[in-house]
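Here is how the chains run, residue by residue.
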Amino acid sequence: MKKKKMLLSAETMDVSFVRKVEALSGTSVRRCFQCGKCSAGCPMATFMEHPPNRVVRLLQLGQWRRILEGRSIWYCASCETCSTRCPNKVHLASIMDALRKLSWDAEGPSKESYVQLANKLFLQNIRTYGRQYEMRLAAVFNVKSGQFLKDLMLGPKLITKGKLKVFHQKNKNMTEIEKIFSRIERMRENGEAL
Amino acid sequence: MTPKNILKYAYYPGCSLHASAGEYDLSTRELFKKLNIGLTEVPDWFCCGATPAHNVDELLSLSLCAKNLELAEQVDGDLAVACAACFSRLKTTQHVLGESDVKRKQVEKAIDAPVPLNGNVKHLLDILARDLGLERLEQAVTKPLAGLKVACYYGCLLTRPNDVPNLDCVEAPTIMEDVLKAVGAETVAWSHRLECCGANFTLSRPGVVVQLSHAILDSAKSAGADCIMVACPLCHGNLDIRQKEIEGVYSTQYAMPVFYITQLVGLAAGLGADKLGLDALIVNPMPLLKQKQLL
Ligand code: SF4
Ligand code: SF4
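Chains as they are written, first to last, in the working numbering: chain A, 1207 to 1400; chain R, 689 to 983.
Hints were generated in silico from the structure; no laboratory data involved. Every residue gets a Cβ at the ideal spot worked out from N, C-alpha and C, and that includes glycine. A few of these clues could be false.
Stated by the list, open to error - Residues from chain A that face chain R, not an exhaustive set, calculated with beta carbons under 8 Å:
hint : residue
1    : Val1224
2    : Pro1249
3    : Leu1264
4    : Tyr1320
5    : Leu1329
6    : Ile1386
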């Protein structure tokens, strides 16, 4: 990636966003002293333009737009290695969660929409079936992402091995799960939850 | 058997065990039956939300898990969980809601019920190693897995996060090795036992999964392992189902069977291939098991 010069000024440093991240993640962004231990252990750091320690640093400097514009948060595998090893108890995995949620809410264009698409379909499946329906998840993902041929060779073998179920048992108590989804939506509309 | 020795649990299989990881479910039920441990499936359990839910919506993730904890209350006994991801999510939910009154109130409003925070959530490994105990496990062995060299793969979520009461030491766990040694197998020392396999990127970023899982297979192979043992359906999918693809990309051959813990322990307890779902594994384990005279 081409290096962009970072200008720190009252306009570019937006710390209110950082407070939101801290509230959502329940962890402190300010505690980080940039030892780099999180990034050293992160299995996904090579795929990110801002490795975990830099994500925290950019937050400290109010430069969150740089993070949301990039792909780092969508390449985090939620493996918790960073949080486990941080000497300052910065819960980086939760920060990554908070950043993804805020990015999702803003619904700005994301270069990494495949990951978002997969997540969205996963949650839709819960709302419709109560449980995951792997066959449908894979099929719909492939159609919607335009990757018709992806994993085509894996499919038949998995079906004969009984690994992909063509028929799916729906949960019996679907009204219950729908209520949870809609109650959360209502709480957000009323400003009772982030 | 005196009453206090009768173990029984509420069982949360999780979505994968009812689909792509059917053999994990089957071998768990058969093994526990063999060991006289009662399992009653939680009625009408829901998906815990796994990684996608907390990835984008913590409140939803906490609420789904809390709902399951509430449902589990209907069944007697601690909650037994097979999938490492479900286990981590359910435990994390209890922990987070125990720490934050604000979040607990939000979740209780979302599920319209109080959240039981004191129930024990236990991974199958915990039940085998501690509740049943290694000694009694040893006594149940009829066919020791002698000569089988196993790479125990923890992956990331089994022992994490570290601020939540844990299954074992977060950086140097031994519980899988302990269980396997009790059933007579050898375990190898290897570098990648806690590294991430790429987990749920299997759908959206298979290239990432291929790269990370290759490193794991390679490490196990070079440590001299005959096979890998896992406790998570996602790890299994990435290492077993994708192994052929990985071999293709890296022009190499591993032919490394990937077993679930319940399959290997079940084998040692005398269960046959059909009761352990061994035919559902993509990398055929039969040549290895025959060579070691375990089948
Ligand atoms: S490990 Fe913790 S203190 Fe060190 S750089 Fe990462 S977040 Fe900062
Ligand atoms: S949780 Fe995400 S950021 Fe942290 S080590 Fe794992 S992949 Fe890296």
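Right, here's what the structure says about each hint:
Evaluation of the A:Val1224 hint against chain R yields a violated restraint, the C-beta minimum of about 17 Å exceeding 8 Å. Annotation: A:Pro1249 was flagged as interfacial toward chain R, and the flag holds, the nearest CB pair being 4 Å apart, inside 8 Å. The closest approach between the C-beta of A:Leu1264 and any C-beta of chain R is roughly 20 Å, which is over the 8 Å cut-off, so the hint fails. The beta carbon of A:Tyr1320 is positioned within 8 Å of a beta carbon in chain R (closest approach about 4 Å), and the interface hint is therefore held.
Taken as an interface hint, A:Leu1329 checks out: its beta carbon lies about 6 Å from the nearest beta carbon of chain R, inside 8 Å. Because the closest C-beta pair between A:Ile1386 and chain R is about 5 Å apart, less than 8 Å, the hint holds.
Taken one by one, the earlier hints fail for this structure at numbers 1 and 3, listed in ascending order.
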